[in-house]
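Taking the hints into account, I'd like the entire structure generated from these sequences.
In the order they appear, the protein sequences are chains A and B.
Quick note, the first sequence lines up with residues 1 to 150 if you use the working numbering.
Quick note, the second sequence lines up with residues 1 to 83 if you use the working numbering.
Among the hints, erroneous ones may be present.
Claimed, not checked - Only some residues are given here: those of chain A computed to face chain B with a beta carbon under 8 Å:
| hint | residue |
| --- | --- |
| 1 | E50 |
| 2 | M112 |
| 3 | K123 |
| 4 | A136 |
Unchecked claim - Here are the computed distance ranges between Cβ atoms for each label pair:
| hint | chain 1 | residue 1 | chain 2 | residue 2 | range |
| --- | --- | --- | --- | --- | --- |
| 5 | B | T48 | A | P26 | 24 to 34 Å |
| 6 | A | S15 | B | M50 | 44 to 54 Å |
| 7 | A | A99 | B | N2 | 36 to 46 Å |
| 8 | A | R101 | B | T48 | 22 to 32 Å |
| 9 | B | H22 | A | A99 | 47 to 57 Å |
If you're looking for bench data, these hints aren't it; they were derived computationally from the structure.
Note that CB positions come from ideal geometry on N, CA and C, so glycine has one too.
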Amino acid sequence: MSANIHIQAEDFDVSDEVEALTADQPTTGAVATFTGYVRGGDGLTALTLEHYPGMTEREIAHIAADAAKRWSLTGVTIIHRIGRLEVGERIVLVAVASAHRGAAFEACEFLMDYLKTRAPFWKQEERDGANDWVDAKETDDAAAERWRKP
Amino acid sequence: MNVLYFAWVRQKVGRSEETIEHTPELRTVSDLAALLRARGGGYAGAFTDMSRLRAAVNQVHVALDAPLSSGDEVAFFPPVTGG
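Here it is in structure tokens:
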């Protein structure tokens, strides 16, 4: 299984990505997708995402390879946007194809948990014209950690 | 060695990358951080509390006691916040 990994400023179309992921894959019986959006509601107007070119792609490929070892997958697409994104915009897509739903659901969650704690992205929040770096959350570390349990 | 800085580490030190010659005294990532901290100014601000920093060598996450060699790409950054 090869993973499609894209780091880009441009938006993506979820249904186009699912279409591409399932094309010519007759053994696929399930696709689980996760889409992350810029969440507003507390004065936040936009996020700016910075990343480490090279390491980002490498780290995500590593995470996808880990998922492919744990579950029987027929395809993975991971898209992460960078640059300035306003409230309501899509940030990230994880789409996982498998023969059955169990593997697709679990691998999708695993990929998101690891993406949040391993992939070198950093978010800056924009509120009232001021920019502040987002602190990492311990709950994200805990979410990734639970996959290490036997 | 090529040394890279990201997010608020980059802002504090005032640059995104620089070349630092590898010397025998620079055994680990921690030694490099100490050298940078000793420069004072924005570097001291960025490298004082090492619990707030993470590092990568040749684009792989490492602990601060990871060894360094000539030609390495070393990066310093805060804990990641993507997704």
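For each hint, the structure was consulted:
1. E50: 6 Å, holds
2. M112: 6 Å, holds
3. K123: 5 Å, holds
4. A136: Where the cut-off is 8 Å and the nearest Cβ of chain B is about 3 Å from A/A136, the hint holds.
5. B/T48 with A/P26: 24 to 34 Å: 58 Å, violated
6. A/S15 with B/M50: 44 to 54 Å: 45 Å, holds
7. A/A99 with B/N2: 36 to 46 Å: At 44 Å between Cβs, range holds.
8. A/R101 with B/T48: 22 to 32 Å: Given range 22 to 32 Å: violated, Cβ gap about 49 Å.
9. B/H22 with A/A99: 47 to 57 Å: With a Cβ separation near 50 Å, B/H22 and A/A99 satisfy 47 to 57 Å, so the hint holds.
In terms of the numbered hints stated before, the structure departs from hints 5 and 8, listed from lowest to highest.
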